[in-house]
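*Asks:* Sequence:
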Amino acid sequence: MLSAAIVIFREVFEIVLIVGIILAATRNVPSRLKAIGLGFGSGIAGATLIAFFTREISEFAEGMGQEIFSAGILFTAALFIGWTVLWMKKHSRDMKAHFTKVGEQVAAGNLPYISLSLIIALAILREGSEIVLFSYGMIASGMSAFSLAAGFAAGMAAGLVVGLALYRGLITFPLKHFFRITSWILMLLVAGMMSQGVGFLIAAGVVNSLAHPLWDSSWLLSDGSIAGQSLKTLIGYTAHPSAIQVIAYIVTLGALLFLTEFSGRVKVAVVKAAATTAGLIIVFWAISANAADKIYAPYVVKGEAEIEWNGNMAFDHRGDRDGAQGHEFEAEYGVTDSWQTILTAVAEKESNGESTDFTELEWENKFQLTEKGEYWLDPGLKVAYIHTLDDDTPDAIEAKILLEKDVGRIVHLANVSFEKEIGHNAEHGTAGGFAWNTRYRNDMYFEPGIEWQSDFGIIGNGSSFSEQEHVIGPSVYGSIIPHVNYQLAWLFGVSREAPDNTLRANLEYEWFF
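Numbered by this note's numbering, the letters in the sequence shown go through residues 273 to 785 in order.
Hint data in this document are derived by calculation from the structure and do not stem from the laboratory.
Every residue gets a Cβ at the ideal spot worked out from N, C-alpha and C, and that includes glycine.
It cannot be assumed that every hint is accurate.
[What the hints assert, rightly or not] Taking lysine to aspartate or glutamate and the DMTMM-like style, the derived pairs with C-alpha atoms no more than 20 Å apart in a straight line are:
id : residue 1 : residue 2
1  : Lys677    : Glu632
2  : Lys654    : Glu691
3  : Lys692    : Asp667
4  : Lys654    : Glu632
5  : Lys677    : Glu646
6  : Lys692    : Glu646
7  : Lys692    : Glu670
8  : Lys654    : Glu643
9  : Lys654    : Glu780
10 : Lys654    : Asp609
11 : Lys654    : Glu580
12 : Lys654    : Glu670
13 : Lys692    : Glu719
14 : Lys644    : Asp609
15 : Lys644    : Glu622
16 : Lys692    : Asp664
17 : Lys654    : Glu576
18 : Lys654    : Glu719
19 : Lys654    : Asp667
20 : Lys677    : Glu643
21 : Lys692    : Asp662
[As the list claims (entries may be wrong)] The calculated label-pair distances, taken between Cβ atoms and stated as ranges, are:
id : residue 1 : residue 2 : range
22 : Gly734    : Ile669    : 18 to 26 Å
23 : Ile673    : Trp783    : 24 to 32 Å
24 : Glu739    : Ser490    : 44 to 52 Å
25 : Leu760    : Val679    : 21 to 29 Å
26 : Val573    : Phe690    : 45 to 53 Å
27 : Val688    : Phe784    : 29 to 37 Å
28 : His589    : Phe785    : 25 to 33 Å
29 : Leu760    : Ser489    : 36 to 44 Å
30 : Val607    : Phe630    : 49 to 57 Å
31 : Ala425    : Leu760    : 49 to 57 Å
Throw the hints in and build the complete structure from the sequences for me.
*Replies:* Structure, rendered in structure tokens:
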């Protein structure tokens, strides 16, 4: 009920605010109420038409994938409400001036009366459509009709009272504070709806990757309790969420926060970059290996923060290896000019048909050992503690020597790695690996090159070349836009133990504190 009341209150308040501004600006215009009334009628008719077809689609979907339909309704409602948050963020400051100017132009005869009708109709159609989609989304997520109706009535009454009071000058609450508070609430609501939509896709069997629950907080707050149900409809709370639901929640909330913060400055290229990044990750996951990893440079930049995704996928004629995947999600920060600390979560999948599970948490630290260009070769060191989430798999300590040599526009990059298991069930010996990349800096957007990666296994165990994993292939580095970087490589197996083909990808976003 509370979430319904908040959404309806916000939508009704916006309608009253727009209509109030129009009324104030056209108070000397004869027959203005007819034009505004026509707009009201047209907007309500349009919203009713959307409601009619939504109901028809709902009835058609009965027995034909109701979970998928419910997910689609939630996603659509979340999209519309999220768009409203961004629209109000961008236009709240100049909304009064804009609509006042339109009213004055109508009063002066520079715009036809139909302009008033059109503005009111579009406002009601937009807000009414969002109310319709939100209502269906809440019903799809389990809200009772009584709770929805009660929330609708409370929200409408509050929106009318506050809007009319503000119009009459009875209250002087700053609009910027109102929109900031309600925008935060709506962003949490949108993230919750996206998470619940993913839950429906899991129930329908459409999404299987990362579908296992991350935790069970029912001992603290049950889904069936009044508080649990309230939080479910308000912010999407569930006592045992899956990993993919948590990811959907965090990504949605993060995207909305980013766009609201930079709504006045976001360029089309940024939106394209975000869509490209999300699309690559989704496609990579949907076509659901550890033979290929990112090759690190030895440099550290103080104050630079990064969020990063590294992924690889194997394509192999052997069924037990085909489709194997590895995903790393990293958060990095340059603490000093020579020290960067990194937190990493690793998810893996053995082969097609298997589930993708989080398997490791890593704390890594990278050290730049000399100034860039101070010596013939620039060295660095990266050390990590790897904690496995499987009780039967031992933890490990990893060290990588990072080397780079620039010759004009040619960049040579090499990593030499050593890994030692520790604790219960640890394997004796130290595993070794090597990675090399040479590329040409054509420009910031496109740096083509070639890459070699080797996994030697335990050093000194006498394994032959064919028993080790060796891959080679073309690669490309670059930036989609400044601060958004990518890497892609297609690697061919050159030893029997290596996958036939491996796709390696990396995406990162960097900024400064």
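*Asks:* Which numbered hints are broken by the structure, listed smallest first?
*Replies:* Violated hints (numbers, rising): 1, 6, 13, 15, 18, 26, 28, 30; every other hint is consistent with the structure.
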